[in-house]
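Novice: The lines below spell out each chain.
Number of protein chains: 6
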Amino acid sequence: MRPSSLPRVMIEPLVRATLLEDLGRAGDITTDAIVPADLTVKTVFAARQPGVVAGLDLARLAFALIDPAIRLESEKDDGDVIAKGDAIARIEGPARGILTAERTALNFLGHLSGIASATASVVAAIAGYKAQVVCTRKTTPGLRSVEKYAVRAGGGSNHRFGLDDAVLIKDNHVAIAGGISEALRRARARTGHLVRIEIEVDTLAQLAEALDQKADAVLLDNMGPDMLAEAVRLVAGRAITEASGGIALANAAAVAAAGVDLMSLGWLTHSAAVLDIGLDFIE
Amino acid sequence: MRPSSLPRVMIEPLVRATLLEDLGRAGDITTDAIVPADLTVKTVFAARQPGVVAGLDLARLAFALIDPAIRLESEKDDGDVIAKGDAIARIEGPARGILTAERTALNFLGHLSGIASATASVVAAIAGYKAQVVCTRKTTPGLRSVEKYAVRAGGGSNHRFGLDDAVLIKDNHVAIAGGISEALRRARARTGHLVRIEIEVDTLAQLAEALDQKADAVLLDNMGPDMLAEAVRLVAGRAITEASGGIALANAAAVAAAGVDLMSLGWLTHSAAVLDIGLDFIE
Amino acid sequence: MRPSSLPRVMIEPLVRATLLEDLGRAGDITTDAIVPADLTVKTVFAARQPGVVAGLDLARLAFALIDPAIRLESEKDDGDVIAKGDAIARIEGPARGILTAERTALNFLGHLSGIASATASVVAAIAGYKAQVVCTRKTTPGLRSVEKYAVRAGGGSNHRFGLDDAVLIKDNHVAIAGGISEALRRARARTGHLVRIEIEVDTLAQLAEALDQKADAVLLDNMGPDMLAEAVRLVAGRAITEASGGIALANAAAVAAAGVDLMSLGWLTHSAAVLDIGLDFIE
Amino acid sequence: MRPSSLPRVMIEPLVRATLLEDLGRAGDITTDAIVPADLTVKTVFAARQPGVVAGLDLARLAFALIDPAIRLESEKDDGDVIAKGDAIARIEGPARGILTAERTALNFLGHLSGIASATASVVAAIAGYKAQVVCTRKTTPGLRSVEKYAVRAGGGSNHRFGLDDAVLIKDNHVAIAGGISEALRRARARTGHLVRIEIEVDTLAQLAEALDQKADAVLLDNMGPDMLAEAVRLVAGRAITEASGGIALANAAAVAAAGVDLMSLGWLTHSAAVLDIGLDFIE
Amino acid sequence: MRPSSLPRVMIEPLVRATLLEDLGRAGDITTDAIVPADLTVKTVFAARQPGVVAGLDLARLAFALIDPAIRLESEKDDGDVIAKGDAIARIEGPARGILTAERTALNFLGHLSGIASATASVVAAIAGYKAQVVCTRKTTPGLRSVEKYAVRAGGGSNHRFGLDDAVLIKDNHVAIAGGISEALRRARARTGHLVRIEIEVDTLAQLAEALDQKADAVLLDNMGPDMLAEAVRLVAGRAITEASGGIALANAAAVAAAGVDLMSLGWLTHSAAVLDIGLDFIE
Amino acid sequence: MRPSSLPRVMIEPLVRATLLEDLGRAGDITTDAIVPADLTVKTVFAARQPGVVAGLDLARLAFALIDPAIRLESEKDDGDVIAKGDAIARIEGPARGILTAERTALNFLGHLSGIASATASVVAAIAGYKAQVVCTRKTTPGLRSVEKYAVRAGGGSNHRFGLDDAVLIKDNHVAIAGGISEALRRARARTGHLVRIEIEVDTLAQLAEALDQKADAVLLDNMGPDMLAEAVRLVAGRAITEASGGIALANAAAVAAAGVDLMSLGWLTHSAAVLDIGLDFIE
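Chains as they are written, first to last, in our numbering: chain A, 1 to 283; chain B, 1 to 283; chain C, 1 to 283; chain D, 1 to 283; chain E, 1 to 283; chain F, 1 to 283.
For reference, chain A alone in the conformation it holds in the complex (with noise of 0.2 Å):
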């Protein structure tokens, strides 16, 4: 799935940033070395390996930064699907800056394109039934925003982007508050009409009476596919149904099946492998 892509005046701070932290206080002292100032190259980002693009507009940055005279024309957009060995974006311009650049180019599209990727074979293993996958706020330092980007990349959906934008109680809030209705009761006091409020369940009990205070949303924590097909019943449309806490590939389509609104899964942004993408020069 194609995402809208983000504008340059979000992402280039961070190219910016992982640029300086790789050239240091010398810059690319090999390349200056080896490669003559006026040699151009056509090079490919070939994929190693199957998976789903993302990232390829914080590549293109990451080279035109270094030296503007380097074009990327890519030959998949992010969220397309790729085998292996296909190319996915051409490379041309001076050898000098493309080499000065590779690195920090992979390492934002070998990271983006692993979240794209796993989140996609997630999404693959539902296909059929409603449920939306999505991410959580264990992300990677510095990069939730590009890391959520590349999440949509891969077909899923975005949960909170950050403690401001929802309400989601946890279960050590409802522990201070002494209970599901407390903890409800203060938030809606505390929150306008336009925030939604989402509450974490443990139990049917305390499923109850989370509905009973007309949760927007439930995050049903920890549970199996047959209690959670039990909450759903209970639910019975009367919130949205988020299913949390251990579902991987293996037992996505079982959590899916259980009739679950949303699937939320930590590893898609802390834990996913990169997606292995080599840069080669073309004869």
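Heads up, none of these hints are tricks.
Copies of the same chain look alike in the list, so a pair counts if it fits in one copy or across any two.
Cross-link-like lysine to any residue pairs, in silico, SDA-like; alpha carbons within 25 Å at most:
#: 1; residue 1: K76; residue 2: G155
#: 2; residue 1: K170; residue 2: A208
#: 3; residue 1: K42; residue 2: G178
#: 4; residue 1: K214; residue 2: R233
#: 5; residue 1: K42; residue 2: R16
#: 6; residue 1: K170; residue 2: E92
#: 7; residue 1: K170; residue 2: D38
#: 8; residue 1: K42; residue 2: L6
#: 9; residue 1: K170; residue 2: F281
#: 10; residue 1: K84; residue 2: A273
#: 11; residue 1: K214; residue 2: G259
#: 12; residue 1: K170; residue 2: A47
#: 13; residue 1: K130; residue 2: S181
The set of hints was computed from the structure by calculation and includes no laboratory data.
Fit chains B, C, D, E and F to the supplied structure of chain A, relying on the hints for placement.
Specialist: Coordinates of chains B, C, D, E and F only, in the frame set by chain A:
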């Protein structure tokens, strides 16, 4: 292995930025609505799986920047081996601040401990051999400094920190230069006495050429154990030997047995899964 | 109404930048020339007119960043109603630092208290009605987070904080989509279950179409009280209703009487006059 | 009056930061969902009320930073008087970017045009008198540079830009020094030949003392027109005279008639309402 | 001469950035490897040559930002004259932090003390004359604020801090305007009453023209002592006189003897050698 | 010697910040008042003294960031030797922008060319000897990266860029460790195979001990030519030899004649005078 901690001035910008990406424009609206301002609590970071800790200073700073009244007392140090269920640190103070900073602190601690644990597992797998485990420049954007720190916490060493602190001549550089010898000659001519020069070789013929040109180190790329052993014999102590490419936990010992000085693994930093750590409230 | 304070990590960059734009390249040359370095004084922030306070944390931080020896003890809290002549806070410590930070502190306090006071006046005008007073994205550049905080201090609520935290379909979006229904269909297809969708409607026919498409909220733009009342009847609880456009203090009660859930006023943040507060030295 | 434009390097950080506070972590989700990526439109900034324009460069930059393909062609320049309904600028290009940047551009344009318009109204009210209209350091946090620019666009002048570019001895400084003369002596002893020294006086006796000490300028604080006229006579050209305190549109001419050189008005920058400007799509 | 210290908020960004450029991505690997974490030491900054101190606050902050447990107690203040061998400050605390911050602290202290010392030598050379020694905008990139501070510490004064805080009409401006009179007319028409206008003149004829146009100050460029004296006579107190161009320690007295008010020397800030200061461990 | 240019992404933050410290809050008020907006001019950077150029990219960027319509065409490249009167670059375009950016561009060009020229003079003085001229960490705060670049432009080499890219054991480290051998043992135990270890020695006995411990490089501190020659004999190629301390232009050849590999000179970066370059308008 307990690494020297990074000075606060080095990690503070990263921790501040990460808190801000979670706080957004309104802060923690859930906690503010539900948790009394004067409530203090005692909590603990507990390991949900065995591994090696890294990132306690970043976690401590996350809490301190939200509320200086929060105290994090560590039960373990970075580099310590932990078992499932171990208490890693105790965090006490205002409940609001602890809940608000929890996710940021855990995102750092889980990510860096995941890298330290992966490193430690490889280090353990090659115990008895002389080889050092090193990471690469395949790091997560924005996190190079702290990810390399986590590798040290896991008992590994660091290769180049960036493009500027050593010469590493890769296959594309060799191709552009027209050969191993010319690439080394160019590098030698342009870099000072104190800069080490390493070159990637794919064959024993290339290796011989590199040794003739007195490379300081040779990166033996994608060679099997037998070929590695042959390469080490050929080098005969005249250069530092580094094995690279396709080294996993399963084949690490075989690579080390070949006698190389260094084994570099990109996945330590780009694909290690987080170490699962949770925050528990203490009754 | 006393809002939860924003964590220091959220406001510190703004306060630092504002101090620096006043200090320039040489600092406070008047105070440095005239005031002895060891003189300490007692001062008070006094209200020159009645209103509602907001921004004390920013004022306190302005003094602390200039000289940590300065203490600001608040007599009032953000959200408190104050009368002309009331002491808002007492600031004691080195005279130099107090004089140097005075203007920055007052610029924050006056601006945010002005917004809180304007909000409170509208909230008072509609007392007894269910409508919430909300602000918009028409905020002063760079100050969105703290201006929205000031609205909460005045008893109001916050609408969207930015382009990213809810869908608000405006007239131009509708025109481009070719109609209310198509705009809502596109929005629904591209956004997750947890995102609320609000749409601007200018006529009752548009409103009916929006309700058919199950919009979560409807923005009733520039409608008079009678038309608003008719719209509220038509909605009949099926969506959140928001009145917008041309709402001033004088007509606020009439709008609220129409039964809407929300009343949004851009001028609370873009055109409220500062609340006049002064710094007095205490003999 | 058309002021010299501020170089882009001065305004770019502010415009970038303001776009980012609106884009948040996901960008413009409404526009991305509804508006086709390849749709281009023609739009116009139209004045909803008469006034004076300021801020076109910031508006232009807001669009350009979102999408360089957007062109803003100005029909008016900063400093131009506009009537209700006038076209101020035409903005053409990709519809998505125009809608995404619209609010940021208008927030700048409305805020700065509001200041320019307020300034122009005072300037017009004192036409024929020699007095210059000047603003103060009572500016909105973070916007001093551009707000002072807007005052110039409205035909006013700028007083101090900060604490560092002139000496202005206020009543509290005088009290600490123990009197007008001692305050001026200290200031003279510590500042170079090129720095002007201005001092606030509340009585004619203080004024006489300030003149004896050869103050470069005197700030006549909160004096009525008669007392101001008396003060101007007393000064007799020996110092620049500035009236300050309580100057509104209604009494501006009376103050100017007293013969002062400068009239400073804090409300031009801290309390001017925005100028109402809207974005219209052109059929 | 002891200048007022710059508030920490002004110098902290510079000190942080300078520490980071030295710490790089791994910190002080030498000290971390060799020095025990719990070792504390007593050290002293000792003068290796005579001069005038400046920059102690920046040095103190460098240590504090690395480790708040380090205490720097100054034996001398900024502006104090020191002899070879004098103790300038005592630094005590954790050895690691002291060694890590040493170079950054010394780079600030040496650079700024070098400027203060150069300034003081010129000030001493013209003792008895009324002329003030002033610096120019020929400062080291990024250090203008602190270099101008160092000039004050050495007993000098500051000319313009930037392009924005006074009008200085140079020869190229005059050429473009078509002459001294027209340049002054344009400047007067565009700047407010409080802005001083200075103009560069190369001949006595130009000087006469500038005086006719009531320039506030005249920059007498590259004139010898006799011509300067003639120029001062011609001015006769009607404007501030500034000698500029080619003023070195050797000819400073001759220039001052001509009776000018100001002598500006670019080399104080752009070419002064560092003052040699070292860190000694105390047994 | 022409060094590889630093990528724009590395120098842009520095050039932007330096422009802003000159522009302040109002920009170039002199030029704006006097120079017509549409005037274009042709100018040239002319050498006022012989030397070696460095910093052209920074100067070019200063102009481009003020006005992209300005073109700087270089007549010389960084590293080129220039004679008095030589044209270094031609700058053409809008007069306003050229005058506004002139000082910033010249401050960079003069400072860096001064360093390059000083370096080149030492390099010339030791022509025929094998020694390389290297700089130290005694750089101007904030300018390390570009100052080290200027040393390369002058034909020198760079020693450590920071605390993190090599081990350099100084006398205080040795004292803390309790001796040369123990210091080297600790360093070896904590650093990876690829990090070079250099140690400062003050006597031949220390040198012998360092060689026994297989130091990679020895810093021969403050030794006279005879002692240096003796040290070089003792080393006999087993380590890189570096002379340090008290090396000036006058004694450089004597030091080089002793046969050392490296000569490090702090003053190249901390005390070199600017190279005098001026901007001339072309009729």
